Structure formats: C-alpha cells, structure tokens
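Working from the sequences, and respecting the hints, build out all of it.
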Amino acid sequence: MIDHYLDLRNVSKSFSAFKLRDLSFSLPKGYIMGFVGPNGAGKTTTIQLILNMLEKDAGQILVFGSDNIKSENAVKQDIGVVFDSVFYVDSWTVKDTEKAISIFYDNWNHDVFSEMVRRFDLPPRKRVGELSRGMQMKLMLACAFSHNAKLLILDEPTSGLDPVTRSEFLEILQEYIKDGERSVLFSTHITTDLERVADYITLINQGELIYTGSMEDLSGGYRLIKGRTQDLTVELEKNIIGLRKTDMGFEGLIGTKEAAQYKNYILDRATIDDIMIGISKGGKKK
Amino acid sequence: MTGFLRIARLDFFTMKSQLAAYLSLVLIVLMFGFMGSSVTLLCITGAWFVALISSNIFAIQEKNNLDRLYSSVSVGLKDIVLGRYVSVFLNYLISFLGVIILYSGFAFFQHKALELPDILLGFSISFLVFSAITGIQMPLYFKMGYTKAKVWSMVPFIAVMALVTIPSFVPVLSEFAGYLLSNQLVLIAGGMVAGCFIQILSYRKRMKRRFCVLAIILVMMLSVGGCKDTAEPDHSDTLPPVSAPSETTSSPASPEYGESALENFHLAPATEELLNKYDSFHEYINDEDGARLVIWTDAAIKDFAFITVNHDGTGHGLSFLAGDALFSVDELSPEKPFVVKLLIPGSTPAYGISFVDENGVERCFSINLSGRGPEEAPPYYLLDENGNSK
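Protein chains in written order, with the working numbering: chain V, 1 to 286; chain F, 1001 to 1390.
There's no promise every hint is true.
What the hints assert, rightly or not - Label pairs and their in silico Cβ distance ranges:
1. 55/V <-> 1161/F: 49 to 57 Å
2. 40/V <-> 1169/F: 55 to 63 Å
3. 130/V <-> 1116/F: 48 to 56 Å
4. 1093/F <-> 175/V: 24 to 32 Å
5. 74/V <-> 1093/F: 31 to 39 Å
6. 1151/F <-> 110/V: 38 to 46 Å
7. 55/V <-> 1065/F: 16 to 24 Å
8. 1172/F <-> 130/V: 40 to 48 Å
9. 17/V <-> 1161/F: 41 to 49 Å
10. 1186/F <-> 130/V: 53 to 61 Å
As the list claims (entries may be wrong) - The calculated lysine to aspartate or glutamate pairs, modelled on EDC-like cross-linking and capped at a C-alpha distance of 16 Å, are:
11. 1078/F <-> 96/V
12. 1063/F <-> 90/V
13. 1016/F <-> 96/V
14. 1341/F <-> 1289/F
What the hints assert, rightly or not - Computed list of chain F residues with no C-beta within reach of chain V, every gap over 12 Å:
15. 1024
16. 1102
17. 1290
If you're looking for bench data, these hints aren't it; they were derived computationally from the structure.
Quantities reported herein were computed from a predicted structural model and do not represent experimental measurements.
Ideal Cβ positions, reconstructed from N, Cα and C, are used throughout, including at glycine.
Listed below in structure tokens is the structure:
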C-alpha cells in the first residue's frame, strides 16, 4: 500500500546560474499539494526532474514508490501532465488529439474522453490552435483523466486564465481527487487558487525548500503585522520577516508565537501570497 | 507496443498534415518519368525529397512544444530518438515503393523492362544518399533544435551536390566510379551496407567531423556511379549490352569472356610508324575526310567485320544494336591488322567491329571518341557489351 504518490529526497540540480539544493517533500495519496514560489524559484525545474526531462545531480525521486528513472515508462502510465501551454500539434482536432495521445496509454478509455469532451464543451472537430487557452487546458485535463492518471502534475495551468475559467478548473480538480485515490501536484504562483483547493503546500525560493507541510500549518504559522513607523522597535524589526516600510507605516510577516507579544499592533491572517512575499524578501522560516 | 514504435506512429500521425507535400514528389516522378529518366535517378530524387521533407517533423516538434508531450508520456529518450529514425526511414521506404510503382506504370506503357537489379540498384543508391543526408541532419536537429540546426542541416545537401561534380576533375575518383559501374553487385551491396552503417552511427550520435566527410564522399562516389548509367553517353557511361544482329539488346554475351576478348584488341590512329611494323594490312575507306585508324589483335579473330552501330533507347538507358557489315574478312590475324578511314560524328558511336570469339559467340564493340587530348587519354577507344572500354 503506497501512502505517498510522490517522494523527493534531497534532490539537487545545478545550472550555471541556478541551483536546486537538497529538495525534499512528499505528496500523500488523495490530496492536492500546492507547489509555490516566485518566478525562478525552481518549480518547473523540479517538475522536469520528476518527469525525467532533466537529469538530477543527486537525491532520489520516487513516484508511486518506484524510482522515476528506473520505472519511467511504468510510472508515466499513471501520470497526467498539464503545462502552462498546450503541447499538442495545433493542426490536430480534438478528435485527432485523442487518437495521438491514446497511442501511449495501455488503459486509455475512449468513453471517459468522450464524456470529458462533452462535459468541458470541447468542440470535437475544432483544431487545437483554434481553441481558447481555457479550452486547451481542459483538453489536456481530458487527456489526463482518460487514461485514469493517479497523479496529476500541473505546471502553472491557471496563468492567463480568466477568473471564471480558473474557478471551473479548480472545481474539476477537487472532483478529481474526491475518491481519495488520486493526487495533484499543483505548481503555481497564483496562490489564491491554492487557498481554495490545496491540502498541502510546498514553498520554495531560490532553489531552496522554505516550507513543506499542511496548508493549515503554514497559514496558522504566520501573521501579517502592521503598524505606524514610530511603533517599530528594534526587537520587533528582528522578528519580522520581509519588513516593508512606507511613509504610512510598516508591514511584515511574523511567526504566530512571536505575534502573541505584539497584541497592540494590527495582526491579520497571512495569505500564502503574504507568506511568499515576506519569505522571498526576508529569508526563510526558522 | 514498444516505445519507439509508439513514437514512430505518433510521427506518422503528426506528419499527416504534410501529405500534400508528397504530391509534389509524385509530380516530380511523373515529370522525370516523361523525360525518360532511369529508375535509379528517380529513386535518388525521391530519397532527396524525403530527406528534405523529414526535417518538417522537427519543425512541428519545436513549434508545438512536443518535447513536453514526449516527456509526459511513457517513453524514454532512446525511444524518442529511435522512433524518429524509424519513422523517417519508413517515410523513405514508402516513397521508394511509390516511385517504383509509378515507374512500373511508365515502363508498362512505354514497353520498357523494369528488372530486379534496376530496383535493387535504385534502392541501394537512394538509400545511401538518404542515409548520408538524414544521418548528418538528424543528430543536428536533436541536439540543436530545428531553428538552430536549420542552416547547418542544408550542408549535407549542398556538399553532396558540390561533390558529385568532383570526379569529373579527379581521375582517381573517376576510375573508382568506373569500377563501381562495372561491378553493379558491389555497388548494390556497398550502397546498402554503407547506408545502414551511416544510419547506425548517426543513431548512436557518433557524428564526428571525420565521419561526416567520409559519409559525404561515400555518397558522392556511389551516387556518381548510380547516376552515370543514365547520363549522357560519354566515355564513362554504363552502356547496356551491345547485341549481335541476330540478338536482342537484353541478351548480353556471357561476361566471363567479355573482358579477355577486349584485351586482344588494340585501336590507335594509323601512324606511319605503326603501319611500318606490318608487311600488309586490310583497309577500308568509309570516309575520305575521316581519321585513319588501325585495329590489331594479339590473337587470330574469326569472322571479323567493320559494321555500323544503331542506337536503341527503349531499354535501360541507351544501348546499341549491330547494324550492317561494311567490310569483313574471315580472319583478322596479329600479323595483318585492319585499317579504316572513318568520320566519327560525335560522342555517340556510329561504327564498330564484330567478330566471333573463341566460344563461337558473335560479339560487337563500338568505336568511340574520347574527346580528350592525346596527352590525357587515347583519342579513340573500344567499348564492349558490358561497358568495359579499351
């Protein structure tokens, strides 16, 4: 019985201008994990390492408990991938896309694909290049669902989508994991999406792991502290992560434990965005 | 289904949109067919065309981010590369079969014979040309991507085109081409082996500069050999069998004694110095204004005749038929040569000699003008049924 569909252990990869260092996190079965970080943090590199598009320098990546390289063909039968842009030939129609993609999957289900096409209102005879971005995303999802992927890897799928389509997209994801047998790794920098659907969050910055754990622990671990400039003491300044000063006052992230000492200040619930901004400006969580 | 076959299938599916381009290959074959080109030349044209079209799959791959698709499906990198090689080769194979089918149609309506050796020769040479071009191109595309490799990928095309002309200026290469022409089996086997060798090396990405040069030279040599059998009739042409008057052009004499018969004969301008060696000679004046040539033998030749030579363009390339005897003797001995005064109108032979060889078979050689200066090569030469010259 596999508890974790994805398990990264001390994974490293170096480029001339960027280094991914000792990245470790696990995605439990039946949950959605938000994989967040600012642009250039290493999210896409990590996904490329998981998919064996890049060769890692060190560490181990287990997918469904098997090594992602040694069992590449087997594990990819159960992985669905959605990137930020469509990777099907633009002259293919929706029907052609099914014919082309089904070549690669032993358990491709035509009925599921037809059902998804109907549900997503995808015009079967329309070419991929003529579909809107939202429709293209849905087509990629339809393909992923049609081979009964247990693990869905999404790399910035919602960037560029309008709010209505994004909302619809998130609903589809929630429905997808409903049976508890499927998981989603959702890489994005639009963190408001994650607040709706993610159970776990892995936050990276400049190639380093900042946080991995439950969404509740992350949002419960920080508060957003605000106050007037003259109220900012030296001690408080030391405790604030990612301090931002303006003429009007200051703002920053503070650990929930430390926040207890500053009840006279304005303390708000920190969003993932606040945490990400604070951490990327001021360093990582201790 | 194994991974590389899945990729090959996907490639075929992806190239569906390029089908219209293949119609131009049909048009090219039709045009060349009407012009009377040989099947070898058509096959090479087809291979050239497929090599050119094959790069489109890399363009589609780059334009549509298919790298991402490949990385998401259950195939490894080796499968992707091997699958691409397989699909491109199958592309060539289908085009080759298409060319053969089209040519068969031409051959049927023009009452030409399309024989297995012609098809094998066409396959061998075209496969080599195809292998050399795609064998160099594909590692470049895989390594650099379509846009970056686009310029470099034209190098094998240009190099092959440029190098095909070199043997005309380099006697050693010309001789080697001549050797290949007279040994079709070597040409067929060599082409196939070399083509496979290039494909395997290319797949393994051992594309060293030295290898590229070797591949291009090999292609040049073999394609020169392959093309020359349909080119204009000059000294180095592969001329199909010359037949005796009673025979058809497709029934050549046995090759085992062909060369030895030619070896017995000598042809040179009839200089005083040469004629002074003999007490007497046979003489026939065909044209008072023509060149005076002497033909002598090392062994006695029976039923020797000076004849006209007719041309036959209905078979494979241009061939000859023995025409009328203008002069004949029962025996041409080494002591008494034959002197003839004749005018050779151009590079196409009009006269020849016939005789009965030691096996009792009637043979025929044409008298040809080399067109080269006396310091380069003998101005006249004899050409036998197998394309051997002296």
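Cross-check of the supplied hints:
1. 55/V <-> 1161/F: 49 to 57 Å: Given range 49 to 57 Å: violated, Cβ gap about 40 Å.
2. 40/V <-> 1169/F: 55 to 63 Å: Given about 58 Å between the Cβ atoms, the range holds.
3. 130/V <-> 1116/F: 48 to 56 Å: holds, 50 Å
4. 1093/F <-> 175/V: 24 to 32 Å: This hint is violated: roughly 48 Å between Cβ atoms.
5. 74/V <-> 1093/F: 31 to 39 Å: holds, 32 Å
6. 1151/F <-> 110/V: 38 to 46 Å: holds, 44 Å
7. 55/V <-> 1065/F: 16 to 24 Å: holds, 20 Å
8. 1172/F <-> 130/V: 40 to 48 Å: violated, 60 Å
9. 17/V <-> 1161/F: 41 to 49 Å: holds, 43 Å
10. 1186/F <-> 130/V: 53 to 61 Å: holds, 55 Å
11. 1078/F <-> 96/V: violated, 25 Å
12. 1063/F <-> 90/V: Judged against 16 Å, a Cα distance of about 9 Å means the pair holds.
13. 1016/F <-> 96/V: The hint holds at about 11 Å.
14. 1341/F <-> 1289/F: Given that 16 Å is the threshold and the Cα spacing comes to 8 Å, the pair holds.
15. 1024: Given a closest Cβ separation of 19 Å, the condition holds.
16. 1102: holds, 28 Å
17. 1290: At about 68 Å from chain V, residue 1290/F clears the 12 Å cut-off, so the statement holds.
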